[in-house]
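Enquirer: Go by the hints and put chain L onto chain R.
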Amino acid sequence: MSDKKKILVVEDEKNVALLIKEELKDEGYDVKVAYSGEEALDILKKEDFDAITLDIEMPGMNGLEVAGKIREFKKNARIILLSAYSHYKSDFSSWAADAYVIKSSDLSELKETLKRLMG
Amino acid sequence: MDELLIQILDTIKDEDKFNRLSKIIARTLNSELCEFYVYEDEKKRLRLIGTSSSDKSEVKNRKLKVEGIFEELARGRYVEYDDGMMVPVLVEGELVGAIYLKDGKLSLEILEDLMELSDKLGGFIKFLIEHDMLSDMNAKLKFIDGMGLIFNKLDDEDSMLGTFLEMVVKVIGAEKGIIWRREGKTFKISHTVGMEVGMVEIPELDEKNILLSSTESGIKIWVGSKNVKFLRDLLKIDVKSAMGCQINVAGENRAFVLLINRIEGPHYRPHKHFDESDASLLMRIVERLSLSLENLITRRKLSDELRKLDELRRRYEDLIVSQREQIRKLSALHKISQAMRTVRDMNNLVKILLLGLISEKGLGFDRALFLIREKETKLLRGKMWFSVEEKNLRRVLQRSFIYGDFARYLREESLSLELSDKLNRKAREITINYMGSPIFERVVMRKSMIHVTKENMENMDEEIIELARTMETEEFVCVPLIGNRETMGVLVLDNRISGRTFKEEDLRLLRLIGDSAGLSIESVLNYMEVNEKTIILERQKELVERLREFSEEILNSIDAAIIVIGNNRRIIEWNKKAEEFFGKTKAHMLGKSVESLGEKFEDLLKVAESVYDARNTIVLNDYPMEIFGKKFYDVKFTPLWNRKIDVIEGIIMMFEDTTQRHALEEELKKQEKLAALGEVTARVAHEIRNPLMVIGGFAERARKKAENPEVQEYLNVIKEEVKRLEGILRDILEYSKGSGYLEFSEFDLNQLVREVLTMFEEKIIEREIYLELDYEVDPLVVYADRKRIKQVILNLVKNAVEATSHGKISIRTWEEDEYSCFSIRNEAKPIPDDVKEKIFMPFFTTKVDGTGLGLPISKKIMEEEHNGKIELTTGENWNEFTIKIPKKGEGE
Chain R
1 MSDKKKILVV
11 EDEKNVALLI
21 KEELKDEGYD
31 VKVAYSGEEA
41 LDILKKEDFD
51 AITLDIEMPG
61 MNGLEVAGKI
71 REFKKNARII
81 LLSAYSHYKS
91 DFSSWAADAY
101 VIKSSDLSEL
111 KETLKRLMG
Chain L
1001 MDELLIQILD
1011 TIKDEDKFNR
1021 LSKIIARTLN
1031 SELCEFYVYE
1041 DEKKRLRLIG
1051 TSSSDKSEVK
1061 NRKLKVEGIF
1071 EELARGRYVE
1081 YDDGMMVPVL
1091 VEGELVGAIY
1101 LKDGKLSLEI
1111 LEDLMELSDK
1121 LGGFIKFLIE
1131 HDMLSDMNAK
1141 LKFIDGMGLI
1151 FNKLDDEDSM
1161 LGTFLEMVVK
1171 VIGAEKGIIW
1181 RREGKTFKIS
1191 HTVGMEVGMV
1201 EIPELDEKNI
1211 LLSSTESGIK
1221 IWVGSKNVKF
1231 LRDLLKIDVK
1241 SAMGCQINVA
1251 GENRAFVLLI
1261 NRIEGPHYRP
1271 HKHFDESDAS
1281 LLMRIVERLS
1291 LSLENLITRR
1301 KLSDELRKLD
1311 ELRRRYEDLI
1321 VSQREQIRKL
1331 SALHKISQAM
1341 RTVRDMNNLV
1351 KILLLGLISE
1361 KGLGFDRALF
1371 LIREKETKLL
1381 RGKMWFSVEE
1391 KNLRRVLQRS
1401 FIYGDFARYL
1411 REESLSLELS
1421 DKLNRKAREI
1431 TINYMGSPIF
1441 ERVVMRKSMI
1451 HVTKENMENM
1461 DEEIIELART
1471 METEEFVCVP
1481 LIGNRETMGV
1491 LVLDNRISGR
1501 TFKEEDLRLL
1511 RLIGDSAGLS
1521 IESVLNYMEV
1531 NEKTIILERQ
1541 KELVERLREF
1551 SEEILNSIDA
1561 AIIVIGNNRR
1571 IIEWNKKAEE
1581 FFGKTKAHML
1591 GKSVESLGEK
1601 FEDLLKVAES
1611 VYDARNTIVL
1621 NDYPMEIFGK
1631 KFYDVKFTPL
1641 WNRKIDVIEG
1651 IIMMFEDTTQ
1661 RHALEEELKK
1671 QEKLAALGEV
1681 TARVAHEIRN
1691 PLMVIGGFAE
1701 RARKKAENPE
1711 VQEYLNVIKE
1721 EVKRLEGILR
1731 DILEYSKGSG
1741 YLEFSEFDLN
1751 QLVREVLTMF
1761 EEKIIEREIY
1771 LELDYEVDPL
1781 VVYADRKRIK
1791 QVILNLVKNA
1801 VEATSHGKIS
1811 IRTWEEDEYS
1821 CFSIRNEAKP
1831 IPDDVKEKIF
1841 MPFFTTKVDG
1851 TGLGLPISKK
1861 IMEEEHNGKI
1871 ELTTGENWNE
1881 FTIKIPKKGE
1891 GE
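One line per chain: the protein sequences are R and L, in this order. Per the working numbering, the first sequence starts with residue 1, numbered consecutively. Per the working numbering, the second sequence starts with residue 1001, numbered consecutively.
If you're looking for bench data, these hints aren't it; they were derived computationally from the structure. One should not assume that every hint holds.
[Said to hold, decoys possible] Below 30 Å or equal to it, Euclidean Cα-Cα: the simulated BS3-like pairs (lysine-lysine) are:
no.: 1; chain 1: L; residue 1: 1705; chain 2: R; residue 2: 115
no.: 2; chain 1: R; residue 1: 69; chain 2: L; residue 2: 1790
no.: 3; chain 1: R; residue 1: 74; chain 2: L; residue 2: 1860
no.: 4; chain 1: R; residue 1: 5; chain 2: L; residue 2: 1704
no.: 5; chain 1: R; residue 1: 69; chain 2: L; residue 2: 1838
no.: 6; chain 1: L; residue 1: 1859; chain 2: R; residue 2: 69
no.: 7; chain 1: R; residue 1: 74; chain 2: L; residue 2: 1836
no.: 8; chain 1: L; residue 1: 1704; chain 2: R; residue 2: 111
no.: 9; chain 1: L; residue 1: 1705; chain 2: R; residue 2: 4
no.: 10; chain 1: R; residue 1: 25; chain 2: L; residue 2: 1705
no.: 11; chain 1: R; residue 1: 75; chain 2: L; residue 2: 1836
no.: 12; chain 1: L; residue 1: 1859; chain 2: R; residue 2: 111
no.: 13; chain 1: R; residue 1: 25; chain 2: L; residue 2: 1704
no.: 14; chain 1: L; residue 1: 1860; chain 2: R; residue 2: 75
no.: 15; chain 1: R; residue 1: 25; chain 2: R; residue 2: 75
no.: 16; chain 1: R; residue 1: 6; chain 2: L; residue 2: 1705
no.: 17; chain 1: R; residue 1: 69; chain 2: L; residue 2: 1836
no.: 18; chain 1: R; residue 1: 21; chain 2: L; residue 2: 1723
no.: 19; chain 1: L; residue 1: 1705; chain 2: R; residue 2: 14
no.: 20; chain 1: R; residue 1: 111; chain 2: L; residue 2: 1838
no.: 21; chain 1: R; residue 1: 111; chain 2: L; residue 2: 1860
no.: 22; chain 1: R; residue 1: 75; chain 2: L; residue 2: 1838
no.: 23; chain 1: R; residue 1: 75; chain 2: L; residue 2: 1829
no.: 24; chain 1: L; residue 1: 1790; chain 2: R; residue 2: 75
no.: 25; chain 1: L; residue 1: 1454; chain 2: L; residue 2: 1391
no.: 26; chain 1: R; residue 1: 32; chain 2: L; residue 2: 1705
no.: 27; chain 1: L; residue 1: 1378; chain 2: L; residue 2: 1533
no.: 28; chain 1: R; residue 1: 115; chain 2: L; residue 2: 1860
no.: 29; chain 1: R; residue 1: 74; chain 2: L; residue 2: 1798
no.: 30; chain 1: R; residue 1: 32; chain 2: L; residue 2: 1723
no.: 31; chain 1: L; residue 1: 1426; chain 2: L; residue 2: 1361
Note that this is a predicted model, so its numbers are computed, not measured.
Chain R extracted, bound-state conformation:
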C-alpha cells in the first residue's frame, strides 16, 4: 500500500482534467479523475480519498450539488471547489466546501490549498 495521498479530481473537460492530474501527480499525489458528478459519487461510494476537487460548472449535476451529496455520506471529506467565477464564493451552497479556488493556468493556489488542508 502506497503512502501517497489520494485525490479525486472531478472535471468534465478532458484537457483541464489532464492538466490538473499531471500537475498534482508531479506534487506526489495519487490522482484519479471523474468526468461527471454522478461518476464521482459512484467512485466515492467504493473508495476513500484524502481530498476532492470539484469543478462547479459541469453539465448534469453541478459542483455545488455534488458537494452537498458528498456531505450526506462523507461528512468529513475535504472538498475544494474550482470555478471560473469568484462570485460563487458568496453563494451559501459553496459553504459545503472547505475551500474555494478560482481556476487559473497557474495552479499554485490549488496546490497550496491542498497542502494546507491535508497538512
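Expert: Just chain L now, with coordinates in the frame of chain R:
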C-alpha cells in the same frame, strides 16, 4: 345483732334493698313474714316499700285500715295485730317508718330485740330511703346532662321537640305526653307519646287558653280531681295528675309540653302523683332544650347570614368579571372605530368592522352580516358575511395575537383578507325591501335596534322570519348603522355556533358600534363621492369654474404649461410655465389668434379641434417638440365647459415636460441591452477560460521539461500572454456580474419581521409559544439587502422556535447610535461558554438535523456583506441573538 347490722349495711348498694332488708329481718327473727313501711307524714299513712314475701298486696291493704295506729307508733309503741305486730322506726323521736312481723308466738325477748333493732336502725333506714330517692334523682340528672349532647346533634326543631318529649316521658315516668307548638296565635299539636293516634282528638290551643296562661310563671302541677277536671274536659281522657310547662326560646314562647299521669318506678317516692322533684326535673330538661333550641336557631340564622353573604360575594364577583369584560369590549370597540376611521375604501371598512365584531379580541360574536342601504330602491342589500367557522377567517382570527395593537391588526389583516365565496354569495343573495317590512322600517327609518329571539319571533313580520330562515338562526340582532342623519346600513349579528344569548351589555355595545360604524361609512361614502366628483371635475365642466377661480399664482405654480383657446380661436390663458416652455410672455400672447403659435403647433391645433367632436379629454404622450432643443411633452386637451348651457367654450391645452422621464426610459432600455450584452460576454469569457487554462498550464509544463533555452523562452512568452488574457477575462467577468449579488435598498425591518413570523405562525401555536413583540420604532427603515437580512432573521427565528416549547420568545427592534437592531430572546437553558465560542463556525451544530451552516451564513451576511454585527448573549434561563445593521452611510 351485730351480724344483722352488717348484713343490713350490705344492702345499701342493692336495687331491691327494702325487700332484702325484710327478708334478712324475717330470717334473723325466725318470723314467717316481715314487711317494711315508710311513714308519709303529709298523708298520714304508712306505705309498703319492702316485704320478705313475694305477694305483697294482701298484707298492705289490711294493715293500713287500723285506726289510730300512727299515734301509737309515733309514741314509740308497737301495735299488736291478730297475726303479728307493727314495730315503729323512730329517728330522734320522729316516726319515719315501721316494721311488721307476722308471728303469733313472738316472745317478749324477740320483741325487745326488735325494738332495739328498730332503735338502732332508725337513722340508717331513713338514710337508706333518702339514698334511694337521691340515687334515682342522680341518675336522672346525669341523664339530663347527657341530653344536651343529644339535642345538639339534631338539626331541626321538630325532631328536637320529639326527642325531648320521648325522653322526658321516660325519665320522669309519665303515662302520656303532649307538645303543642306555636304557629302564630294558636298552638298546634306537634308531638304525642303514649296516646294512640286517631283515638283521641287533641284540640289546638289559643294563646290565651287557661292551660297556657296558668303556666306563664313556670311549671304548674295539677293534682286532685277538682284541679284536673278542666284537663279531662279539654282532652277527653282520664287525667289523674298532670304537669305543664312552657318552652321558651330567647324569651319567646314557642311550645308547650304537658305530661299526664305519673307512673310508679322501681324506686321509692313519697308521692304517687307529679311532685316538686318531678317539676324541678322537668324544669332542668326544658332549660336544656331551650338552650339547644336557641343554639339551633342561632346556628341556622348564622348559616343563613353566611349563605346570604356568600351569595352577595358571588354576585359581586360576577359583576366585576362582567364589568371587566365590558371594559375590554369597550376598548376593543374604540379600536375598531379607530381602525375604521383610517380607511377610505368601503370594502376595507366593512371587513374591519366585521372582523372586529367576530374576533375574540374584539366583540366576539359568532357571525356578522353587513347589509347596505340603497336609498333609491329602498332596499337593504347583503354585502359581506363573516363567520368564525369560516376557514380563511379562522387563520386570520388566530393571527390577532401576533399583533400588539388590535386596531393595527384589523387594518393590516383586512387588506389581505380573502372572502369566502360560499358565505358571501349567500350574503349577496339577501335583499330586503325595508319599506315593505314594519320591523325593518323601524330599524332603518326610526333607527331602532331589534333583538329577535325564539320567543318574540312570532311577533315579527315575514321579512324577519325569512332572514332568520336564510341565516338558519333563531336569535339575532339587527343594528342600524347611523350616520349624521340617516341609517347607512344594517348589521345582523348572531351567535349561532356557540348558542350564547345576547345580554343587555351586548346590546348597549352594539348600539355604540352602530353609531360609530355608521359615521365611518358615511364619511367613506362622502369621501368616495367627493373623489368621484373630483375626477369628473378634472375631466369636465367644473374645471372651467375652478380655472376662473384660480388666481394667477395657482395657475402659474402648476408644473405644466397651460394654454386656453376660446371658441373664437383666440388665446385666453397663458400661464407662467407656458412662458417658460415656449419663450413668449403672457402679455404678448393673450388675445392673439392661434395661428400666431406657429407651425410647430399646427398638428396640436388639429387635435384640439377634434376635442369639440369627442367632447372628452384627449391625451398625447411623449410628444416631441423642438423649441429650445428637442423636448418631449405629455399634452392634454380638455374641453372647457359652460355648465349652464352645456356647451364647450374652449379647449385647455396642458403641456407637461416629460423630457427627463423620456430620457430615463431610454437609458433604461440601453441598460437592459448592455446587461444582455454583459451576459453574453460573461458566457463567452467563461468558455474561453478553460481552454486558456489548459494552454497556459501545459505551456508551463512544457517549459519545465524543455531543454532548449530558446524553446523555454518561447513557452514562457505563451504562458505570460495567457496570464494577461486571464486577467482581462477576470475583469470582464467581475464587471458583468458585479461584485457579489448584494442588492441594497431601503425597507421596513419590522415589516420583514412580521413576514417571517407569519411563516412560523402554525409552529408557534403548536408549540404553545407566547410571543412578545416590541417594535420601539415603527416603521424601522433600514438600508440593506432585504433578501439576505430576511435569511438571517428567518434563521434566528427558526432556531428560537425550535428550541422553545411552552415558553416565551421576545422580539425587539430598536435604533442605537449608528445601528438599527433586531434581537430575539427565547426561554431555554443557556448555551454553555465552550459552545458559544464555536457556534458561528461552519459545520458546528448541536441539533440532530440541520447543516450547521445557518449561523455561519448569518455571521457572513452580517459582518462581511453588511459590515454589521451578530452577537449571542445568554442569561440565567435565556439565550439572545442580536443583529445590528449599520444605518445608511455608516456601513460603507
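Enquirer: None of the hints should be skipped; say for each whether it holds.
Expert: Against the structure, the hints come out as follows:
{"no.": "1", "hint": "1705(L) / 115(R)", "in the structure": "24 Å, holds"}
{"no.": "2", "hint": "69(R) / 1790(L)", "in the structure": "26 Å, holds"}
{"no.": "3", "hint": "74(R) / 1860(L)", "in the structure": "25 Å, holds"}
{"no.": "4", "hint": "5(R) / 1704(L)", "in the structure": "24 Å, holds"}
{"no.": "5", "hint": "69(R) / 1838(L)", "in the structure": "25 Å, holds"}
{"no.": "6", "hint": "1859(L) / 69(R)", "in the structure": "24 Å, holds"}
{"no.": "7", "hint": "74(R) / 1836(L)", "in the structure": "26 Å, holds"}
{"no.": "8", "hint": "1704(L) / 111(R)", "in the structure": "17 Å, holds"}
{"no.": "9", "hint": "1705(L) / 4(R)", "in the structure": "24 Å, holds"}
{"no.": "10", "hint": "25(R) / 1705(L)", "in the structure": "15 Å, holds"}
{"no.": "11", "hint": "75(R) / 1836(L)", "in the structure": "22 Å, holds"}
{"no.": "12", "hint": "1859(L) / 111(R)", "in the structure": "29 Å, holds"}
{"no.": "13", "hint": "25(R) / 1704(L)", "in the structure": "15 Å, holds"}
{"no.": "14", "hint": "1860(L) / 75(R)", "in the structure": "22 Å, holds"}
{"no.": "15", "hint": "25(R) / 75(R)", "in the structure": "26 Å, holds"}
{"no.": "16", "hint": "6(R) / 1705(L)", "in the structure": "25 Å, holds"}
{"no.": "17", "hint": "69(R) / 1836(L)", "in the structure": "29 Å, holds"}
{"no.": "18", "hint": "21(R) / 1723(L)", "in the structure": "20 Å, holds"}
{"no.": "19", "hint": "1705(L) / 14(R)", "in the structure": "22 Å, holds"}
{"no.": "20", "hint": "111(R) / 1838(L)", "in the structure": "28 Å, holds"}
{"no.": "21", "hint": "111(R) / 1860(L)", "in the structure": "26 Å, holds"}
{"no.": "22", "hint": "75(R) / 1838(L)", "in the structure": "18 Å, holds"}
{"no.": "23", "hint": "75(R) / 1829(L)", "in the structure": "28 Å, holds"}
{"no.": "24", "hint": "1790(L) / 75(R)", "in the structure": "28 Å, holds"}
{"no.": "25", "hint": "1454(L) / 1391(L)", "in the structure": "29 Å, holds"}
{"no.": "26", "hint": "32(R) / 1705(L)", "in the structure": "23 Å, holds"}
{"no.": "27", "hint": "1378(L) / 1533(L)", "in the structure": "24 Å, holds"}
{"no.": "28", "hint": "115(R) / 1860(L)", "in the structure": "26 Å, holds"}
{"no.": "29", "hint": "74(R) / 1798(L)", "in the structure": "26 Å, holds"}
{"no.": "30", "hint": "32(R) / 1723(L)", "in the structure": "27 Å, holds"}
{"no.": "31", "hint": "1426(L) / 1361(L)", "in the structure": "26 Å, holds"}
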